[in-house]
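A.B. asks: Hey, can you work out the whole structure from these sequences and the hints?
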Amino acid sequence: MRLSEVAGKVCLTFTGHDLEVSGVNTLALAGPGEIAPLLSRSYLPQLASSAAGVVLCEEASAPEGRACLLSPNPKLDWARVVALFARPQGCMQGVSPQAFVHPEAMLGANVTVYPFAFVGARAQLGEGSTLFPGVYVGEDCVLGRNCTLYPNVVLMAATVLGEDVLVQAGAVLGSDGYGYAQGPSGHVKIPQVGNVVIGSQVEIGANTAIDRAALDATRLGDGTKVDNLVQIAHNVQTGRHCLIIAQAGLAGSSTIGNGVVMAGQSALRDNISLGDGVQVAAQSGVGQDLPSGAMVGGSPAMDIATYLKMSLTLPKLPELARRVRRLEKALAERQDKTKESSHE
Amino acid sequence: MRLSEVAGKVCLTFTGHDLEVSGVNTLALAGPGEIAPLLSRSYLPQLASSAAGVVLCEEASAPEGRACLLSPNPKLDWARVVALFARPQGCMQGVSPQAFVHPEAMLGANVTVYPFAFVGARAQLGEGSTLFPGVYVGEDCVLGRNCTLYPNVVLMAATVLGEDVLVQAGAVLGSDGYGYAQGPSGHVKIPQVGNVVIGSQVEIGANTAIDRAALDATRLGDGTKVDNLVQIAHNVQTGRHCLIIAQAGLAGSSTIGNGVVMAGQSALRDNISLGDGVQVAAQSGVGQDLPSGAMVGGSPAMDIATYLKMSLTLPKLPELARRVRRLEKALAERQDKTKESSHE
Amino acid sequence: MRLSEVAGKVCLTFTGHDLEVSGVNTLALAGPGEIAPLLSRSYLPQLASSAAGVVLCEEASAPEGRACLLSPNPKLDWARVVALFARPQGCMQGVSPQAFVHPEAMLGANVTVYPFAFVGARAQLGEGSTLFPGVYVGEDCVLGRNCTLYPNVVLMAATVLGEDVLVQAGAVLGSDGYGYAQGPSGHVKIPQVGNVVIGSQVEIGANTAIDRAALDATRLGDGTKVDNLVQIAHNVQTGRHCLIIAQAGLAGSSTIGNGVVMAGQSALRDNISLGDGVQVAAQSGVGQDLPSGAMVGGSPAMDIATYLKMSLTLPKLPELARRVRRLEKALAERQDKTKESSHE
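Protein chains in written order, with the numbering used here: chain A, -10 to 333; chain B, -10 to 333; chain C, -10 to 333.
Warning: the hint list may mix true and false statements.
Heads up, the list lumps identical chains together, so a pair's fine if it works in one copy or across two of them.
[Said to hold, decoys possible] Computed cross-link-like contacts, BS3-like style, restricted to lysine-lysine with a CA-CA straight-line distance of at most 30 Å:
1) K298 to K318
2) K318 to K305
3) K(-2) to K64
Hint data in this document are derived by calculation from the structure and do not stem from the laboratory.
C.D. replies: Listed below in structure tokens is the structure:
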């Protein structure tokens, strides 16, 4: 593809000579036929030694003597440029005769079902959807258009996906929620008869688990992005455009607003509610409701500014204890002296 | 089903007119033909606006003017009522010709094996067991009666399941324990030749991993319920009726008694032992043996009452440090004054 | 196998009578025909009551009256002895007609592909490699010799494995990194066009997830051992012989040296760098670069010695706060008295 063509497709202007472009790469690795991103000024030292033929950058950072794609928002435009060169995963099209498709399943146009994928009774696959090998789509599932389920993804019965949902390999949607009643001879399972309902433009990470609701639905809002190995328990509700990073855990019936960020290994207690835009730091544990815009850290979580100060003090805690002991001793000695002097 | 029939099946009495019941739902969503649970008085506000035709509740909480199923133990009876209406997952019966069943495998009566499930040599499947698509049952595994393995569950060789074991999708039982010896040129794998032995009425969550023992067996006691994404290392032994919540991790050779509760993201160090009924709070890390009945929190874990008090003080730590500094200053000033006055 | 033959194969001497040996077991469970390990003196009490026919131990610990395999390094030699008796997983050889192998894939000699495994276009399987059921090897993957992928392992496109790589069931390599750009109407996916490159003698645990790089490669060095349920984000680089224990998480572009140990549930922030031999304690969170040899604990992590002292003080924090309050009161009272006395 010519650079001029790239620029046209992403609606950017370019400087320098037009040239043939073969792909994208990092500043460090790109060659004369590749485009590399300059996403912030901290990469300027790498730019100097880069062999990249084209640099995507803000106009103010554009180096001389090199072709540049000028962008008012380099990170966003970088996403678009990379998309021009990205090859989709996979090597097949159409419904494989080695797949199992239930006779009562309904498949939209241009659906791909790889060998060893399973589509259950009454499942509906939206137009352009793709099921990789080992995918299980249970009975009564409904997939919107252009959903992609990578290998070994499992959708238990009645899971609903919006449009353009991407599920990374090994993720499980619709597993039973963890619900038991205490019986006379052990825990009795409360059958989980709800389902999972996922919005559009949602992405779900590898080996993540999202439980079906006890009665109603576990819901993820449009545009929410869930990373790998995340646990989302039954009846959780997330807003739109949330970011839930790797190994985070949301306990049962927790509800989070729009644009919430849960950093890696963070956790929410069951039955709590977070407002819009709440940010939870890595490894934190939130045990109570939080208003919109709150930023918290720590386990249990506290205001992030307090948390950062507390974290700086924490290593000095043993020394602090020693200082308190010294103060107590000093005061006791003074009191002894005072007594002595008052007895004098 | 008529309400009278429901009541008969779960051995409860009902008040109000008999009516046709189509299913179960939450108080908020249930319609006139559905049963909803009133599991605690905190739901009384929802009851007022609920359209539920029938409410399952304690006799003392029974609302007037509505059919009620009266229960001395609403949560437990709710589990039983839901079970009357729950549809089992899946849409097939019998052994699929698209499955692989080794000629030396032994299948009990009424076994279901879906397409793309694999049953290895000498594996035994108990009567009424079901293997969903993508399940792998390695050679020499033994499954008791009525075991259900949801899609893509893996049982490595010689794994043993009791009766009525339910394994959620993607869980792995019998992966190699993490055991290496330091050699002259790196870590040398210690082959893990033990297995995994699971009791009866055990449930295991989605994408959970349970390692085989180095030599003997990793064991889970009857009635233990393991949530999603839990790590159970080699040689772990759990008692009966333990609850191990999502993303918890039990390190090698740790042993826990009966009725132990490990909350979400909590962890046990290797080679430690917890008595019966121990409760470990979320995100806690236990590094030493604990007696029966202990309740702990924190990382490293401490007595739960201490932990809760400590957690309340923690955000005040920077202020505490400032107060100690002020005390030191005040005392130093007083000592200066005293010196001055003694010099006067 | 005769004991003399065992000794010969692992190049150790033995004491006592030669005998027929059927396998290996723990000291507690071994019978007269089995070898048990005495890995440290703490097991001496178990030795006394053990029925083990043969004990592998250091010469100085060798019990009288029992056959012994004498070893200068019992743990390492135990690994070798166990390997003599370990049966490999699985029950088939060769390429199953029920597998899917793309016509453009290249298979080395003595490759085994089980039913329901999938090998994509142009994938190369090294000599002696084995793919268990449900394995997905995407297009353009390259596997070195003697790689073993247990059931339901997924290698997305262009993943590269060295030699003797063992991947436990359910692990995913090459899932998309978690990369988005903020757009006007939500997060826009940055296509992840890099790959995953794994060294030789690497082992990867069950249900672990390793993301492909955004542009370049996520790399694991030779001999590194990754436990179950670990998250390795895009662009992570690990050195050789690292140990990454269960449920640990390495965020994007973090780089760790050789021989680094990340204990269970620990985490690295994105874009940080750890030197060789760094050790990170369980549940710790590292948020800054660390030099070679550093040992840290806590979240956020601090020097391990400081962490251990801090942990001992932490439960006393509420009491410390009370003591500070008492000091303040005592000082205030004394100041009042001083004022009084100065007014007298």
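A.B. asks: State for each hint whether it applies.
C.D. replies: We went through each hint and held it up to the structure:
1. Both within a single protomer and between protomers do K298 and K318 lie at most 30 Å apart by alpha-carbon distance, with minima of 28 Å and 22 Å respectively.
2. For the identical chains of this complex, K318 and K305 are neighbours both inside a copy (20 Å) and across copies (18 Å), given an alpha-carbon limit of 30 Å.
3. Taking the closest pair of Cα atoms, K(-2) and K64 come within 30 Å of each other only inside a single copy of the chain (16 Å); across copies the shortest separation is 59 Å, beyond that limit.
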